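Trainee: If you want the building blocks of each chain, they are given just below.
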Amino acid sequence: MRKTLLGLLGTAALLFGLTTPALAFEPVNVVHTEKVQAGPYDLTIGFSTWPVKAMQSLDFTFAPENGIDGKKGTLTLFRGSVESEDSPLARHPRKREVWGLDIFALPEPGTWTMRFDVDGPAGAGTGELKNLQVMEQPGPPMGLSWAISTIPLFGLIALIVVAWRRTRVTVH
Amino acid sequence: MTVHITATAASPARTVPRGLVPASVVVGGTLISLIGLTWDIQWHSDVGPDTFFTLPHLFLYAGSAISGLASLAVVLLTTASSKRGRAVDPMIGGRAVGVFGRTFAAPVGYLISGIGAALFLVYGLWDQWWHGLYGFDAVIDSPPHIGLLLSISITMVGAVMIFAVARDQRWGTYGVAAAAGTLLAFSMVTVLGLRALPGGLVNTVNVGSAFFSVMILFMGAYVLSRRGGALAVGVVVAVLQAVFWWFSPWATEVYADATGLPLRDYADGIPGLPNMIPMSLILVAVAVELLRGLPAWIPGAVGGVIITACAPLQRMLVQGSNFPALERYVATVAAGAVLGALAGMLGRRFGLMLRHLAPAKEHSHA
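Protein chains in written order, with the working numbering: chain A, 112 to 283; chain B, 3 to 368.
If you are wondering where the hints come from, they were derived from the structure by calculation, not from laboratory data.
Just so you know, these numbers come straight off a predicted model, no measurement behind them.
Yeah, the Cβ is synthetic: ideal placement off N, Cα and C, and Gly gets one too.
It is possible that some hints are incorrect.
[As the list claims (entries may be wrong)] So, partial list: chain B residues that the calculated Cβ filter (under 7 Å) puts toward chain A: (1) G50; (2) P51; (3) L121; (4) L135; (5) P145; (6) L152; (7) D267.
Please construct the entire structure, taking both the sequences and the accompanying hints into account.
Mentor: Shown next as structure tokens:
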């Protein structure tokens, strides 16, 4: 019993010991920027990978020229001319001095638009990053990925079919 | 330890019923997986930054490891017993089946729970490759994540089978309700994979939630085959939902404080996983109990209607969402009725199939 407890404590200590240093989160590395003029505000849009590919997640940063203090706003995404989603501009969790989206992926390839509605000391302004080209998704086609990922489900169905046939007579 | 796990014909005096220890470890592992999942979902929505070694991730890995190692231990001990020519007690995980010819003798329940844990490892590698290609996406319904969730679900199905064998004993009865409730709550996340299907007017996730909750509820009720069986599963799910409603945001905030990370701006703190579980399930459980005498498809359809009809109301109540367009709502409820009826019939049949796992004296307990 004592040995078991010691073993458990040792395992827990090892796990936590290994976890703590591993919790160093990746910094946000901007490798490409674009400029957007939203009324009186100069925005710099940063991308952590470039070019952007569908379904590939990256960090986006949205930095007004004089910082985000006293400003707020909304980001609206459009695929072509269809609105995809809108959300308030929030600080990036790993780069708190600017707004951003962390490990965020655009789901479809095509031409996307990011619209920024910013409100601050100099009044309200709207600007758009147009013609953001999102390339085809990397990797295998989604059908193949789903086929590989649902093998456990089909295995379970096969098990059910076998059990069903073996118990058919007795259940009825 | 060996005494409890192996199925020797002449066991010495014991304080714990035979089979209870490994069964509890397997279902305990699945609960740890569920805790890890609810915590991880909340972490991504309320805090964000991610690595391979966050605590919620460790819970997810540990849950499958615990269930898998317990299953492996039972299979190895059963194999050893069988090789020595000792009688194997089918009350521990069901009848032993030969694996790789007759290399291993594996009680069928533990075989399934162990296969689920082994699949989890394989899909972990698939997920790792996926993240290398697509980045560290925090998307719950990516194909490898659904593969991982399905693997854990298979371990949970194994846990239901293990307890179903002992359903005539008190610990087996409680175990079936606990294992089925855990599987049901967990499946409410796996159904998010149905977003990949074209549903037209129908909300595929709502209908999927209705289908799996009705099916698992019926399965539990028919395994137990006694008044209150469906209600027991419903109560387990409600308790899990209530505890996680408090736990998920709390643990997320405590962990964020401990690691010095701030909460996201505009984090709403709405419990993610618990809110995917239909609050109306308890009504379905009551309906199933009240409509016991009718063919299974009738209470099944009623259950499907209750869950799909109430899902938007739950979202309005919790998130302040808008009511969906009327034609979408009606189409979803109609699909819920049809698939609920099917789920009722399937769940009943699965429950009866699970009863066959036991070396039962059917005449003593019906």
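Trainee: For every hint, state whether the structure bears it out.
Mentor: Taking the hints in turn, this is what the structure says about them:
1. G50: Constraint on G50/B satisfied, holds at 4 Å.
2. P51: 4 Å, holds
3. L121: 5 Å, holds
4. L135: Holds. Min distance 5 Å.
5. P145: OK, holds: P145/B within 7 Å of chain A, min 4 Å.
6. L152: 4 Å, holds
7. D267: Holds: closest Cβ of chain A sits about 4 Å from D267/B, inside 7 Å.
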